[in-house]
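Q: Chain residues, written in single-letter form:
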Amino acid sequence: MISIQKEDIDIGALIQQSRDKRMGAQVVFVGTVRDDGDSIEAIEFEADRTTAIADLRTIAAEATEKYGLISVDIIHRDGLLQMGETILVIIAGSAHREEGFAGCRYIIEEIKRYVPIWKKDINTTGDSHWHD
Amino acid sequence: MISIQKEDIDIGALIQQSRDKRMGAQVVFVGTVRDDGDSIEAIEFEADRTTAIADLRTIAAEATEKYGLISVDIIHRDGLLQMGETILVIIAGSAHREEGFAGCRYIIEEIKRYVPIWKKDINTTGDSHWHD
Amino acid sequence: MRITLRSFARFREIFGEEKTIETKGVATPKMVLSALCEEKGCTETLFTAEGTLHPHITVILNGRRLSAGETEDTSLADGDTLVVYPPVSGG
Amino acid sequence: MRITLRSFARFREIFGEEKTIETKGVATPKMVLSALCEEKGCTETLFTAEGTLHPHITVILNGRRLSAGETEDTSLADGDTLVVYPPVSGG
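Chains as they are written, first to last, in the numbering used here: chain A, 1 to 132; chain B, 1001 to 1132; chain C, 2001 to 2091; chain D, 3001 to 3091.
Calculated directly from the structure, the hints in this document are not laboratory data.
There may be inaccurate statements among the hints.
Only some residues are given here: those of chain D computed to face chain B with a beta carbon under 10 Å [to be verified]:
(1) R3012
(2) G3016
(3) K3019
(4) E3022
(5) G3025
(6) H3056
(7) T3058
(8) L3061
(9) G3063
(10) P3086
Residues from chain A that face chain C, not an exhaustive set, calculated with beta carbons under 10 Å [said to hold, decoys possible]:
(11) L14
(12) K21
(13) D48
(14) Y106
(15) K112
(16) I117
(17) N123
Note that the coordinates shown come from a computational prediction; the quantities given were computed from them, not determined experimentally.
For each residue, glycine too, the CB sits at the ideal point set by N, CA and C.
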């Protein structure tokens, strides 16, 4: 499943759904809104959903091809997310752990490199600013 | 949470429990019983639970120290597991993804290297044999 | 000719979410963005001191990402849609 | 003197889950395992052709893992518990 959505992600259900009997490993990356000690209280995510979804599909296909994955799921949220909330879930399912780790890592690095999603810090003071 | 148990693992709940506001990443490894095309229908896991738990605690502490993790959870099941069932869940929670990936990988490699858990294939023919 | 410009995040706050631009004669994506930036006072945000687009800025023409070179030598046609992204920060 | 031997997995199927062994004089963990293997016909399972324990076999004395050298030069005492593991395969 590839998706960009406002709704929270049921990670347990997603892991269960993505399972296949040829799989020996699922490597899951969960990104969450982190309290980095500044006065940030929430993060607003904006996506160009059409292009982002197409990019995520491309990345999933590349990871599958490159690492022989059995399944790939990528769900990224947009909208306003509070501290501690789930931003992103990636699941790479594979026969063995090596491919799962490599594939999952590839996917998150590619997302960070070019998928059109942006975040804006919302401060306790009411100020906000976009990340570089 | 460090545990060796017969009961299935609620992965979604475990991920939720292990979350902390200083965390930006959770890297999760899920090991599952894989159909490798042989006539294996289930796997029986046996553990020296006392020593295995102590070893898992040592590994969790080493990973925390080495990679600056914020939390570590390791749950390994024993007993008879059918194809597709969860064997093992590791969650490495960290501020950034690099440490989470490195820590999670360290933990699974160390478990495979020396933690006293053994598996025996149960064949459809009723035969069984221990892994080397 | 008419070009549609769409932008996101901090660039949406500069250019608006979607606008229609009228241009005369031959125009490249870089020329359109450069003219807009003079008007909006955002030249330094999009361009380096050497006058090239910042490398982390993405320009998409009718759904296809353009290389730096292509933003300078592709002629826009009536009805084209140009999208401009600031550096991404998702994941 | 009496030694308790515990074993797991395939070694449990050879030695039993827990047994009490009576030894006379000085005995090392390796000597105890070697004597047991002659009795059970499992010498090749535990020992290399050179007579050393296979490197993936773990011997634990009173809760502490022994190095290969320690299995040969540690003297057992009355009441000691020896645990022997076949190669692990968890995870």
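Q: Determine for every hint whether it applies to the structure shown.
A: Hints and how they fare:
no.: 1; hint: R3012; result: holds (8 Å)
no.: 2; hint: G3016; result: violated (14 Å)
no.: 3; hint: K3019; result: violated (16 Å)
no.: 4; hint: E3022; result: violated (24 Å)
no.: 5; hint: G3025; result: violated (30 Å)
no.: 6; hint: H3056; result: holds (8 Å)
no.: 7; hint: T3058; result: holds (7 Å)
no.: 8; hint: L3061; result: violated (12 Å)
no.: 9; hint: G3063; result: holds (8 Å)
no.: 10; hint: P3086; result: holds (7 Å)
no.: 11; hint: L14; result: violated (17 Å)
no.: 12; hint: K21; result: violated (31 Å)
no.: 13; hint: D48; result: holds (5 Å)
no.: 14; hint: Y106; result: violated (12 Å)
no.: 15; hint: K112; result: holds (4 Å)
no.: 16; hint: I117; result: holds (3 Å)
no.: 17; hint: N123; result: violated (16 Å)
In the structure shown, a violation is registered for the earlier hints numbered 2, 3, 4, 5, 8, 11, 12, 14, 17, in ascending order.
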